[in-house]
Structure formats: C-alpha cells, structure tokens
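There are 2 protein chains.
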Amino acid sequence: AMTELEKSMESLITVFHRYAKEGGNKTTLSKKELKKLMEKELPNFLTTQKNPDTVSSIIKDLDQNKDDELDFEEFVPFVAGLTIACEKHYALHHENKGKK
Amino acid sequence: AMTELEKSMESLITVFHRYAKEGGNKTTLSKKELKKLMEKELPNFLTTQKNPDTVSSIIKDLDQNKDDELDFEEFVPFVAGLTIACEKHYALHHENKGKK
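These protein sequence lines are chains X and H, in that order. The numbering of the first sequence is this note's numbering, which starts it at 725 and goes up by one. The numbering of the second sequence is this note's numbering, which starts it at 725 and goes up by one.
Think of the hints as simulated: they come from the structure by calculation, not from any bench. No incorrect hints appear here.
Think about it this way: if two alpha-carbon atoms lie no more than 25 Å apart in a straight line, the pair counts; the simulated DMTMM-like pairs of lysine to aspartate or glutamate are:
| # | chain 1 | residue 1 | chain 2 | residue 2 |
| --- | --- | --- | --- | --- |
| 1 | H | Lys764 | H | Asp777 |
| 2 | H | Lys756 | X | Glu728 |
| 3 | X | Lys759 | H | Glu730 |
| 4 | X | Lys731 | H | Glu797 |
| 5 | X | Lys755 | X | Glu797 |
| 6 | X | Lys759 | H | Glu734 |
| 7 | X | Lys812 | H | Glu730 |
| 8 | H | Lys759 | X | Glu730 |
| 9 | X | Lys731 | X | Glu763 |
| 10 | X | Lys756 | H | Glu730 |
| 11 | X | Lys760 | H | Glu734 |
| 12 | H | Lys755 | H | Asp792 |
| 13 | H | Lys731 | X | Glu728 |
| 14 | X | Lys812 | X | Glu728 |
| 15 | X | Lys760 | H | Glu730 |
| 16 | X | Lys764 | X | Asp787 |
| 17 | X | Lys755 | X | Asp785 |
| 18 | X | Lys764 | H | Glu728 |
| 19 | H | Lys745 | X | Glu728 |
| 20 | H | Lys731 | X | Glu798 |
| 21 | H | Lys756 | X | Glu730 |
| 22 | H | Lys750 | X | Glu730 |
| 23 | H | Lys812 | X | Glu734 |
| 24 | H | Lys812 | H | Glu734 |
| 25 | X | Lys812 | H | Glu728 |
This is chain X alone, in the form it adopts within the complex:
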C-alpha cells in the first residue's frame, strides 16, 4: 500500500495530468487548463487575487521553455511555493500555543 507521502506525490501527478490532457498538447497545461485546474483544485486561490490576470502572470513566471504552457516540471514549483506559504501559516498556529 502507498504511504501518505507517496499518495500525496501521486495526487500531484494525477491532478496535473487530469487537466493537461484536455487540450492540444496532452502533457502540458495551457492557460485555459491551468485556470480550470486552479478554479477546481484551489477554489479560494484565484478569488483572493487582486490581479485579474493572475493565471497569465503565473505562467509567465514559471514557463521556462517559453511555450506559453506549463509542463509538470514547471508546474511543481508553483504548488511547492503555495505549500511553503501554507506551512508558514500552519507552523504559526501550532507553535504559538504557549507564546502570547
């Protein structure tokens, strides 16, 4: 059976491919596919962003090979960055039990 960490890694792969395989290039996320992934999988993320074109700026930041699409290797740092931001929030809550 898979461990919790292995399941977490596999989910990242399967979620990416669920949206990547819809349009033209089957193994990369177009802007449209990334937007759909974020709306479905990170429902609160886009709504909290002031920049209406957050998705384009995300692709611009992460798209190393300049094909206007994100392959898995370009997508992972996005999720990693979000997870690191969430962890800071998590650590803050859990470490502050004693301190005022």
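Starting from the structure of chain X, add chain H where the hints point.
Frame of chain X; chain H shown alone:
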C-alpha cells in the same frame, strides 16, 4: 471539503511535522528524523540507493542555512524532485500506449 490537490499539499505539511517534532528543534528534520521519515514514508527509496549515507548527502544538498537540519522550505525541493522523477516514469507509461 478539501480538494485532492489541497489534501496533497496538507499531507506534505503534516508528514514533515510528524517527524520534525520528535527531536531537539521541533520544526526541522535532523538527520535521524529525515532517515526515519524516508524509511517509513518512502520505504523503497533508501533501499535502492547504493550510497549507504544517502541521507547525509541529501541534507548536504538541501541544507541552505547550514544548520545540518532541514526546515520545511528546504525539505519541499527534495519531495518536488522525487515527484518530478516519478512523473517522467508515469508520463512514459501513459504516453506510450500507441507508440512502439
């Protein structure tokens, strides 16, 4: 309810903290804690490594602030790298349906 991607991100955080909180510094993984995490959460990873001291070399590679421990931000690239390697394997299997 959390989406699959959100659960995957949360698992990464909770798994890290489950092992980090055991020893001295509660929010970082010592070598011992990282080794235990890998043995429990990535059971096949260490056994397939020729280098008997894989854990030390992993810490050496990832330990930015040179405290011989991995905080969450130093740990994430390790899991990201593994996930990217797994995805290449996944993509190969799924893309090769037609091609010989």
